[in-house]
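Participant: Just so you know, the protein sequences line up as chains A, B and C, in that order.
Residues are numbered in my numbering as their position in the first sequence, beginning at 1, plus a constant of 60.
Residues are numbered in my numbering as their position in the second sequence, beginning at 1, plus a constant of 27.
Residue 146 in my numbering sits at position 155 of the third sequence, and the numbers go up by one each step.
Honestly, the hints are just simulated from the structure, not real lab data.
Being a predicted model, the structure only gives us computed values, none of them experimental.
Among the clues, some could well be false.
Unchecked claim - Each computed DSSO-like pair below joins lysine-lysine, with the alpha-carbon atoms no more than 27 Å apart:
| hint | chain 1 | residue 1 | chain 2 | residue 2 |
| --- | --- | --- | --- | --- |
| 1 | B | LYS128 | B | LYS117 |
| 2 | B | LYS128 | A | LYS671 |
| 3 | B | LYS116 | B | LYS128 |
| 4 | C | LYS149 | B | LYS117 |
| 5 | C | LYS149 | B | LYS116 |
What the hints assert, rightly or not - Across the chosen pairs, the derived CB separations fall in these ranges:
| hint | chain 1 | residue 1 | chain 2 | residue 2 | range |
| --- | --- | --- | --- | --- | --- |
| 6 | B | LYS117 | C | LEU138 | 47 to 53 Å |
| 7 | C | VAL106 | B | LYS117 | 50 to 56 Å |
| 8 | C | ALA54 | B | LYS117 | 44 to 50 Å |
| 9 | C | ALA2 | A | LYS671 | 54 to 60 Å |
| 10 | A | LEU669 | C | GLN136 | 50 to 56 Å |
| 11 | C | LEU137 | B | LYS128 | 32 to 38 Å |
| 12 | C | ARG124 | B | LYS117 | 46 to 52 Å |
| 13 | C | VAL106 | A | SER694 | 35 to 41 Å |
| 14 | B | LYS116 | A | LEU669 | 40 to 46 Å |
| 15 | B | LYS128 | A | LEU672 | 45 to 51 Å |
| 16 | A | LEU669 | C | SER134 | 54 to 60 Å |
| 17 | C | ALA54 | A | SER694 | 46 to 52 Å |
| 18 | A | GLN678 | B | LYS116 | 41 to 47 Å |
| 19 | B | SER125 | C | ILE128 | 39 to 45 Å |
C-beta atoms are modelled at their ideal positions from N, C-alpha and C, and glycine is treated no differently.
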Amino acid sequence: MKLYLTLILLLPLLGSIVNVLFGRKLPRRVVEVLACGMVWGAFASTLLLFLEYRAPARVELLSWLAAFDLQAPVSLYLDPLSLVMVLMITFVCGLIHIYSVAYMAGDEGYVRFFFLLNLFVFAMLLLVLAENLPLLYLGWEGVGFCSYALIGFWYRDERNATAGRKAFIVTRIGDVAFAIAVVWMFRMFGSLSITEINGMGVLMPAGAVTIIGLLLLAGAMGKSAQVPLMVWLPDAMAGPTPVSALIHAATMVTAGVYLLMRMFPLVGTSETVLTAIALTGGITAFYGATCALAQSDLKRVLAYSTISQIGYMMLGVGAGAVTAATFHLLVHAFFKALLFLGAGCVIAVMHHEQDICRMGGLRSRMPLTFWTFLAGAACLAGVPLTGGFFSKDAIMLAVLEKGTPLFYGLFLVGLLTALLTAVYTFRMVYLVFGGSGSVSPPLTGGGEGEGVPSRFITPTPTLPRQGGGRLRVMEAILIPLAMFGLCGGVLNLPDYLGQGWLTGWFAALPGPAAYGGRTPHGVDIIVQGVATCVVIAGFLFVHARYGGARREKAIEAAGAPSVVTLFFRAGWRFDDLYRLLFIRPYGLLARFFWERVDEGGIDDSFDRLAKLLGRAGQGLGSWTTGRVSVYLLSMAAGLAMIMGYLAWMVW
Amino acid sequence: MIVPLVHVLVLAAVLFILGLVCVLVWRRNLIMILIGIEIMLNAAMLVFVGGAARWGTADGQVFALMIVAMTSAEVSLALALVVYLHRRKKTVNADEFSEMKG
Amino acid sequence: MEQTIFYILAAVTVIATQFAITERHAVHAIVYLVTSFFSLAVIFYLLGAPLVAVFEVIIYAGAIMVLFLFVIMMLDLGHPEKAARPGGRDWWPAILLGAVTLCSIVVLVAAHPPVVPVGASFGIRDFAFVLFRKYGIAVEIISLQLLFALVGALYLGKRR
Chain A
61 MKLYLTLILL LPLLGSIVNV LFGRKLPRRV VEVLACGMVW GAFASTLLLF
111 LEYRAPARVE LLSWLAAFDL QAPVSLYLDP LSLVMVLMIT FVCGLIHIYS
161 VAYMAGDEGY VRFFFLLNLF VFAMLLLVLA ENLPLLYLGW EGVGFCSYAL
211 IGFWYRDERN ATAGRKAFIV TRIGDVAFAI AVVWMFRMFG SLSITEINGM
261 GVLMPAGAVT IIGLLLLAGA MGKSAQVPLM VWLPDAMAGP TPVSALIHAA
311 TMVTAGVYLL MRMFPLVGTS ETVLTAIALT GGITAFYGAT CALAQSDLKR
361 VLAYSTISQI GYMMLGVGAG AVTAATFHLL VHAFFKALLF LGAGCVIAVM
411 HHEQDICRMG GLRSRMPLTF WTFLAGAACL AGVPLTGGFF SKDAIMLAVL
461 EKGTPLFYGL FLVGLLTALL TAVYTFRMVY LVFGGSGSVS PPLTGGGEGE
511 GVPSRFITPT PTLPRQGGGR LRVMEAILIP LAMFGLCGGV LNLPDYLGQG
561 WLTGWFAALP GPAAYGGRTP HGVDIIVQGV ATCVVIAGFL FVHARYGGAR
611 REKAIEAAGA PSVVTLFFRA GWRFDDLYRL LFIRPYGLLA RFFWERVDEG
661 GIDDSFDRLA KLLGRAGQGL GSWTTGRVSV YLLSMAAGLA MIMGYLAWMV
711 W
Chain B
28 MIVPLVHVLV LAAVLFILGL VCVLVWRRNL IMILIGIEIM LNAAMLVFVG
78 GAARWGTADG QVFALMIVAM TSAEVSLALA LVVYLHRRKK TVNADEFSEM
128 KG
Chain C
-8 MEQTIFYILA AVTVIATQFA ITERHAVHAI VYLVTSFFSL AVIFYLLGAP
42 LVAVFEVIIY AGAIMVLFLF VIMMLDLGHP EKAARPGGRD WWPAILLGAV
92 TLCSIVVLVA AHPPVVPVGA SFGIRDFAFV LFRKYGIAVE IISLQLLFAL
142 VGALYLGKRR
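Chain A with its partners taken away, still in its complex shape:
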């Protein structure tokens, strides 16, 4: 077991190090094969580990930090939660590595790209497997850094670099809260080991645990792009599409949810924290859905959709249903990665045109992409019998089960959000793939249209209009993801179909009962029925608006967006709000300190001091008049002073 764990961590790390050190000297194919091979090797190790797994185990690899009380070795914790996460991460990352080999085929910075991707995988695995908080934080920061570097991958365009910085800074705010929580926990519990801390949660004063839980929630908010720290994710779409798929759909943004789930025995003891988590999740889910409705950039729709879906996961955690949240996390990873990769194919074919109002007719031109994308969209919308349906339903059930008025309200919000999700998902599908293809892509490269405010220029490698080997590879990757998305439901079938495998497997997790099936089966079926109706309603609405001939009219109408649409498109104007509340005052404060304090105060005082000394020197220098009378007086004065002093002493 130790060997497998070591391999899981070591292979990606080795891959990144070798790539960064020797990448330029090796042929391109070797670099790519190495990078992909390492991740698939980690996946193979994970499979072997999974087959061998019996019970939660704590494996210590090396010693890292050791000083008096502070003991933080490199120790890994293997339990059902981390094992499924590692499986998902290695699998999805492996697929995306292969995809990005094709996607980045024309780019010159491939060494840096694969180095960062492998490093990211390493950091994410470290985060998931970590047994103590500093190690988790190391992984946390590692993924943050890789995300920053990958978002700003095409850094020569300043907007991309700014987006990377924005991501880093906003997540940093969450990281600070997380760090405070870590230190506080060390002070309170005397140990940094997660298993120990989770065990001691009930012993500590409730108030402190609540605050620690809220701090951890703040950290999760930053990393998982929840309200109010979600402003970085839409802008993070400036990175290459595989990066968006990997980091901002499947893995990094789930790290926040994972943290809360990992620390659930501790934070779950406080009702306040759970309520806060649920509220955050509910509000964010609604926010993401409304914004996705109004976006015109394909990747931004998916970004807001991610925000919304992670809101669902948080809602699940807040309702106490860790199993349901994990289920949704796994399925979401598959179908969101699928959607992003499909979007990558579309964008590549459209010569980096990203405005969905200018796409169309791709159903006939890219059939494979269309069908897989549709599968992913079905999962996202929660079409019955897809993986997404079961997972979302499990969360809604758990929320309903809580029984308090607040959670009833959140249930309604969740339903409304599901409706909106269905609407924006099918809108996306209809606009991208529907129609007759009258808006043909430009023959030459150069995609951002006039009048369409495309925020980012992503120099997507230009592909031939149809096919070509690279597109084939990219589309091929979509297939396994679609399979997993559609069939993911089997992971945790609802109770009336037999106890879900995931629920059973998670039963071993310590802490407040990870929610298992307690509901009467009737309620379960009713909720599923309601969800189905919601999805159908959404589909019908979209078909009425965008189907067939009405599509052109709808697109024309989109050319003159209403105020409400603009409000949603700008993400509820949160960027402007933050600029007004924080950035402008900070800028003013910085300017004040720069001009008035640093230059005006400090520099100026030094200047004045220097001038004063100069003038003093000159003043003293003017004493040498060359006239004897002045010198005589000076001598007599000196004599008087000395004699006076001596007389004073004697007196």
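Keeping the supplied structure of chain A fixed, place chains B and C upon it in accordance with the hints.
Facilitator: Relative to chain A, chains B and C alone:
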């Protein structure tokens, strides 16, 4: 000794200060400066002689004599300088000769 | 009785010096100064230094002051009555500094406990013994110095 040493010293001090005042008041007139210096030297001589009388040795008187000799040498040179300067600028105003300024 | 003479002579010295320093006319000042030196010489005699007293009169009052007079008259400094009398601006720093220094010196001097002086008077023979035996080298050096002064004065006074 006919008077206590302190009285002699006080007299010498008064004379010395008078000489100093002369120098400071007439600080622009070269000749009066020199006269002030003479007065101060005399006061010094009085101190030495008083000291010789107090301790009963002749050393103080010997030094008073040496002051006389030294003063004569100094005065002759000083006055030669005054003559020289007067020849240059036709004045004995000490402030006129300020080329050493700065 | 010698005490009274000492105090009278002291008063004369001080007053004469005072007139000397407030006199505009340089020649008058020098004459007052000569008076002061005379009384000082008698004080020296009273203090048991007749040789120094005589030398004071002969050399100091007799040669040096006369030299002063020579130079003043030679220089032809114009009408001293029309010269500007040093006004208040010249006097006050002098008075201030003089007063401070005087008070300091008096304090320092008076701080010592009074002692019983020995008192002695030296005749020519004893004085000569001390001068030429104990301070013989000093005599030589002083004569050298007089030589320097002579040469220097000659050089400086030469007309080009």
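Participant: For each hint, tell me whether it holds in the structure or not.
Facilitator: Hints, verified against the model:
For the proposed pair LYS128/B and LYS117/B, the alpha carbon gap of about 20 Å is at most 27 Å, so the pair holds. Straight-line distance between C-alpha atoms of LYS128/B and LYS671/A comes to about 23 Å, which keeps the hinted pair within the 27 Å bound. For a cut-off of 27 Å, the pair hint linking LYS116/B to LYS128/B stands: about 17 Å separates their Cα positions. A hinted pair counts as satisfied when its Cα atoms are at most 27 Å apart, and LYS149/C with LYS117/B qualifies at roughly 17 Å.
Our distance criterion of 27 Å between C-alpha atoms is met by LYS149/C and LYS116/B, whose separation comes to about 16 Å. Between LYS117/B and LEU138/C the C-beta distance comes to about 31 Å, which lies outside the given range of 47 to 53 Å. For the pair VAL106/C and LYS117/B, the supplied restraint of 50 to 56 Å holds, since their beta-carbon distance comes to about 55 Å. Take ALA54/C and LYS117/B: their Cβ atoms lie about 28 Å apart, and the range 44 to 50 Å is violated.
At about 57 Å, the beta-carbon gap between ALA2/C and LYS671/A stays in the expected band of 54 to 60 Å. The hinted window of 50 to 56 Å between LEU669/A and GLN136/C holds, with their beta carbons roughly 51 Å apart. A hinted range of 32 to 38 Å for the beta carbons of LEU137/C and LYS128/B is consistent with their spacing of about 34 Å. A C-beta distance of roughly 51 Å is found between ARG124/C and LYS117/B, which places it inside the suggested range of 46 to 52 Å.
For VAL106/C paired with SER694/A, a C-beta distance near 37 Å keeps the hint of 35 to 41 Å intact. A beta carbon spacing of about 44 Å between LYS116/B and LEU669/A agrees with the range 40 to 46 Å that was offered as a hint. Checked against the hint of 45 to 51 Å, the C-beta distance between LYS128/B and LEU672/A comes to roughly 24 Å, which is inconsistent with it. Roughly 58 Å separates the CB atoms of LEU669/A and SER134/C, a value that falls within the hinted 54 to 60 Å.
With their beta carbons about 32 Å apart, ALA54/C and SER694/A fall outside the hinted range of 46 to 52 Å. A beta carbon spacing of about 29 Å between GLN678/A and LYS116/B contradicts the range 41 to 47 Å that was offered as a hint. The hint said 39 to 45 Å for the Cβ distance between SER125/B and ILE128/C, and at roughly 41 Å that hint holds.
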